[in-house]
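Engineer: One-letter residues, chain by chain:
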Amino acid sequence: MARTTTTRTPEVGVRRVLVGGIGYRFLRDESVGPYMADTLGERAPEGVEVEDFGYHPVGLHQNLTDREAYDRLVIVAAPRRGRAPGTITTYQWDRVLPSPEEIQVRVSEAVTGVIDLDGLLVVVGALGGFPDDVVVIEVEPGEEGWGDSFSELIASRLPAIEEAVWTSTLP
Amino acid sequence: MSTFTELPIDLGDDGRASLKDGPDPWAYETKELHPIEDTPEKLAKLLERDGQVRRVDFDPVTRVAGALAFHTVVDLESRQVLETDSMATLFRGYEIILKGRDPRDAIFISSRACGVCGGVHATTSALALEMAFGIQPPPMGTVARNLLLSLEYLYDHPLHLFLLAGPDFSEPAVRSTNPELWSKAQDTPAAGKAKHGFNTVAEIMTGMTPLTGSLYAEALHMTRVAREAYVLIGGKYPHPQTVVPGGISATIDASDMNEIMLRIGKFFDYGQKVVAIWDDIVEFFYEANPQYRHIGTRPKNLIETGQWDDPYAYDGTYANVDSWARQRWSTPGVIVEGKLVTTAMTAVNMGLEEFVEHSFYEEWTGNGKGPRGAQFPEDPLGNPLSPYHPWNKDTIPKPGSTSWKEKYSWSTAPRWDRKAMETGPFSRMWVTALSPPNDKTKFIEPTGHSLRMNVPGGALPKATVEWHVPEIWGAFERNRARANAILYTALIAYDNLLMGLDMMRKGETAVSTSYKVPKDFRMGAGFWGAGRGSLTHHLTMDDGVLENYQILTPSTWMASPKDPWGNPGPYEEAVLATPLLENFEKPEDFKGIDVLRTIRSFDPCMPCTTHIHTDDRVITREVITCACGVDDGSDHNHAHA
Chain L
1 MARTTTTRTP EVGVRRVLVG GIGYRFLRDE SVGPYMADTL GERAPEGVEV EDFGYHPVGL
61 HQNLTDREAY DRLVIVAAPR RGRAPGTITT YQWDRVLPSP EEIQVRVSEA VTGVIDLDGL
121 LVVVGALGGF PDDVVVIEVE PGEEGWGDSF SELIASRLPA IEEAVWTSTL P
Chain U
1001 MSTFTELPID LGDDGRASLK DGPDPWAYET KELHPIEDTP EKLAKLLERD GQVRRVDFDP
1061 VTRVAGALAF HTVVDLESRQ VLETDSMATL FRGYEIILKG RDPRDAIFIS SRACGVCGGV
1121 HATTSALALE MAFGIQPPPM GTVARNLLLS LEYLYDHPLH LFLLAGPDFS EPAVRSTNPE
1181 LWSKAQDTPA AGKAKHGFNT VAEIMTGMTP LTGSLYAEAL HMTRVAREAY VLIGGKYPHP
1241 QTVVPGGISA TIDASDMNEI MLRIGKFFDY GQKVVAIWDD IVEFFYEANP QYRHIGTRPK
1301 NLIETGQWDD PYAYDGTYAN VDSWARQRWS TPGVIVEGKL VTTAMTAVNM GLEEFVEHSF
1361 YEEWTGNGKG PRGAQFPEDP LGNPLSPYHP WNKDTIPKPG STSWKEKYSW STAPRWDRKA
1421 METGPFSRMW VTALSPPNDK TKFIEPTGHS LRMNVPGGAL PKATVEWHVP EIWGAFERNR
1481 ARANAILYTA LIAYDNLLMG LDMMRKGETA VSTSYKVPKD FRMGAGFWGA GRGSLTHHLT
1541 MDDGVLENYQ ILTPSTWMAS PKDPWGNPGP YEEAVLATPL LENFEKPEDF KGIDVLRTIR
1601 SFDPCMPCTT HIHTDDRVIT REVITCACGV DDGSDHNHAH A
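Chains as they are written, first to last, in the working numbering: chain L, 1 to 171; chain U, 1001 to 1641.
Since the hints were made in silico from the structure, they are not lab data. Remember, predicted model here, so these are calculated numbers, not experimental data. The C-beta atom is built at its ideal place from N, Cα and C for all residues, glycine as well. Be aware that a few hints might be false.
Simulated restraints, written as ranges between beta carbons of each label pair [to be verified]:
{"id": "1", "chain 1": "L", "residue 1": "D132", "chain 2": "U", "residue 2": "N1583", "range": "43 to 51 Å"}
{"id": "2", "chain 1": "L", "residue 1": "P85", "chain 2": "U", "residue 2": "N1583", "range": "49 to 57 Å"}
{"id": "3", "chain 1": "U", "residue 1": "K1031", "chain 2": "L", "residue 2": "T89", "range": "54 to 62 Å"}
Sequences and hints are given; from them, build the entire structure.
Structural biologist: Listed below in structure tokens is the structure:
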């Protein structure tokens, strides 16, 4: 299941934020999400947990509904949207869900192994587990293909991506 | 019936096989396909029928992980399916990735072949490696593997029955495709109320409604129960971290066993409930219209490699494979036209071939000295092997444009004795039902025509639930069998838990054995199963690395394109035989529910096939029959107005 890399346990009364990276591994620039999940935990400030969301969203829904509610969820992913490579887009998820038929399609994909940001938002949004406050950070990938290294461009953007994550965790 | 009727193999009573004489015994003649859309005269004649003949593509290629598309030509006036083509649209290529690697990598890499049931690939790979390395796990290691397999199925079957196939039988689907059935369902009392609590069949259908239905929600929950138990041994799901050659790398204590027992126990009640639900659904449709028995029908040709090893019989060797495989909880075997023709694992293996006449691969012609250049003309026991057998196969991709006449799929055409076979939870139950009982009948009794399952009590009282070999084999019976398979699986898991606890009492707690990767030439095969049917891995290795690795999945068997003789694969064959019972007035209202129920009854392991119809939006594209856009290499998803 999800790998929690956080080393700190928030104290009672501290604002709780969960940062999740989503995506497949070994897909070069498209693996920014898992990379962030792997690397940010050690530097997470108090009250911030970091997790790998790279598993099926029905499981994420089940895990989140079991826990005490977070104040905010921050999701990092690198979906290909046609923007300039390296573009970092941060937005508040609008909680708008598609038709029930489309949601069912996404649930079906989720339980048969599909891992992607849009599916996660729809499935967990529909089945439950999100706090009211969900922030998404998208990074436009550059190079496509197999491998465990980033393109030079995305590698140079990693500090900015991390900064966007920490900024998004602030009240 | 002799074991092989099409292959040039004589099989003696002693189980030893020999190749029949002849200059080229494995030769075959191919038959040219004549698809309707390639035949102008037929096409013109059909088009005269005022829009009643339509090409209907069930094509989800636009989705993220689409891997199967299904093309049909249907005559909506006579309500017949005229032509079918099953297309696997993705090349996965694990066979190529694995070549030249350390064999131990195969467990973790092959697991990634599937996002639903990766763990079964890991174990199948471990079995193949054990055969190649000459090792075997200690008994508790085998018990642990059996539990992992069971828990995968207890995840997989509810998921399929209520999240993937179930929506086709839900209130919204029935109301929109056969409203007369919805009215009838409201007036039909549910016979299984004592087990499931629903008053009418309509209430069951409402419960199966995606997202809001109680049965849908309950299935989601039960998948979690199975996963929770799975990770106690596997570490994570669906790609376990603890499966290794020679057993597993996790320790198991009594606490783990109790945690698993607690969760397995929940499936006794749930399994009884699910059987009652599907009995009510199936019988309702049959009573409403007996033609429903023929939705998705095809010959009773099934293959089963057997699963769940006897921890004291399994020795990992090919030399003894017939003996230890017969001691499995699920017996290996092949059923042809309803008759069990063998339970010998060597015969099951010997009959395997894969053909690529209509697949995007090149024919492989080995440089070996065997017939037709076969690298391995015989298996390790000296039985003849076809040049088209997985041990002789080479994966050579040859991408190209889609042509119904030539090549149209990334799936190969697997055949046993040159016949199309299906496999699934039903094949493991069916072969076991027809086989002589072994000593694994503590909770499950094969009768020759059924399986009697003695279910311990929970909230529901203890009961004997009997699954009967169906008279007519079709989509509804596939789903009913899968519902029974929850109990079948839970009882096998229970038996293994009891066996494991007994081993603990005796101090037999070792779960793995040590080994060295051999440097000489070795062959290995893993014969195991996935939720949706039999799964095999065949490998050869030399100098410590893999020379060849071949994965034959259940969905490859069933999504198969036509074979060299023009015979359809199981999906194609079943859809071709399906009557169209959907209620629609205008051709443009046709949703294809009977076709979808047919394909989904096989539990295809391809995310795209899980897409239920969404009116006229993404996945069901209806176009008037035309010959354009098929053979020209253009995107076959393109819809023609």
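Engineer: Decide, hint by hint, whether the structure agrees.
Structural biologist: Tested hints:
no., hint, verdict
1, D132/L <-> N1583/U: 43 to 51 Å, "44 Å, holds"
2, P85/L <-> N1583/U: 49 to 57 Å, "51 Å, holds"
3, K1031/U <-> T89/L: 54 to 62 Å, "55 Å, holds"
The structure fails none of the hints (numbered hints given earlier).
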